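J.: Sequence:
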Amino acid sequence: MSRLFRHTALPLSSLLLLAGCLDVPHPFSNPGKGASKLAANAPPSRLDVPTPTDSLLPDASAQIWAKDVASELLQQTIPAIAQPTRPGDWWLKMRAELRGDQVVPIYTIMTPKNQIRATQEGQAVPAAQWSAGDAPFFTLVAQDAAPRISSVLTGIQADDMEKDPHSLKHRAARVYFTGVTGAPGDGNISLARAFTASFRDSEDTIQNSKENADFTVSSTVKLTPGPTGTLGHPQQHIEIVWRVVDKESKEAGAATQLHDIDAHSLDNYWGDIAVAAAQEAAEAVKQIIGRYSGRDNAPLAAPGAKQPQPTQATNSTNGTANPAQPNQPVAPTLP
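Numbered according to mature numbering (1 follows the signal peptide of the UniProt record, and there is no 0), the sequence shown spans residues -19 to -1, 1 to 316.
Just so you know, these hints were derived from the structure itself, not from any lab. Hints may be right or wrong, so weigh each one.
Computed list of lysine to aspartate or glutamate pairs in EDC-like fashion (alpha-carbon distance at most 16 Å, straight line) [claimed, not checked]:
1. Lys203 to Glu220
2. Lys191 to Glu229
3. Lys74 to Asp35
4. Lys228 to Glu192
5. Lys94 to Asp70
6. Lys48 to Asp115
7. Lys74 to Glu102
8. Lys203 to Glu264
9. Lys203 to Asp248
10. Lys228 to Asp185
11. Lys203 to Glu229
12. Lys203 to Asp167
With beta-carbon atoms standing in for the labels, derived distance ranges [unchecked claim]:
13. Pro165 to Glu232: 23 to 31 Å
14. Ala116 to Thr177: 39 to 47 Å
15. Asp115 to Gly81: 19 to 27 Å
Source: prediction; values computed, not measured. No residue lacks a Cβ here, since even glycine has one placed at the ideal position from N, Cα and C.
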């Protein structure tokens, strides 16, 4: 039995929609580079990345370093811009420190009030290689830096949420469900009832109005002519989209269930198909809300404690250690 679950905004793993029956839901295991955002606080529009003045580099190379770091942070869905600091912006202070024959890049998250919020070190590189670095070299340095900075920002967000008694770390998410449209037969009613029943738990609650809702969920069903079945029976292609938006109507994520079914097999009663489809959709929506809100993220380590490091690979050229392109973690927006 094949399983396919497409989505937008948040990359999630696949799940199964079958004609006549559905497997039990399972949690998503591959979030990818999805955006993890605070549900209660709108993030600032950008993270400034000014050209570092304490980089052990000529100005031209320092500019390349800043631009490459900003570019890689954008790949982590962090709104970074290589520009001088502007009032009201968080910004990234970069510098380099010589330790013996190695240079260590150091990245400090600065608040709009120019207060140090957190510091993270990059991978050390040979001093000679640092001073002679070209554009490809600083691309590698930036690729090493971006997930480390992203991890720190995630921790800062989680720390702020931990301290906020009204954040989703301390209460259930309030969800307004607008219902299901476009389904044949009793699908609109059956899917809506089953989703509402499957969704309620200690982390999330369904409410009957949009007022004060943290998220709004809507679902649409679309049927189109499908391929002829193996026995010559006509089929239809069904697409069920579950869309999640935050309180400001910004896209938090959308998940789509897809399958080919016997033509008109759902024209009357959905029965167990509605129940199983809604159970899987509920798991998907919970995952979207958890990732988007950041409620499951671990707070930043205490000052002086070693920050968690993203998984790293190792590159080497002529026997020297170079910054390696790490695996991509879930990326936050700014605190």
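J.: Hint by hint, say whether it matches the structure.
T.: Tested hints:
1. Lys203 to Glu220: With a Cα-Cα distance of about 5 Å, the restraint between Lys203 and Glu220 holds, given a limit of 16 Å.
2. Lys191 to Glu229: holds, 11 Å
3. Lys74 to Asp35: OK: Lys74 and Asp35 at ~10 Å, within 16 Å.
4. Lys228 to Glu192: Distance of about 9 Å is within 16 Å: holds.
5. Lys94 to Asp70: Status holds; Cα separation ~9 Å.
6. Lys48 to Asp115: Distance ~13 Å between Lys48 and Asp115 Cα, so the pair holds.
7. Lys74 to Glu102: holds, 12 Å
8. Lys203 to Glu264: violated, 21 Å
9. Lys203 to Asp248: holds, 13 Å
10. Lys228 to Asp185: holds, 15 Å
11. Lys203 to Glu229: violated, 27 Å
12. Lys203 to Asp167: Given pair Lys203, Asp167 holds - Cα atoms ~14 Å apart, limit 16 Å.
13. Pro165 to Glu232: 23 to 31 Å: holds, 27 Å
14. Ala116 to Thr177: 39 to 47 Å: violated, 54 Å
15. Asp115 to Gly81: 19 to 27 Å: holds, 23 Å
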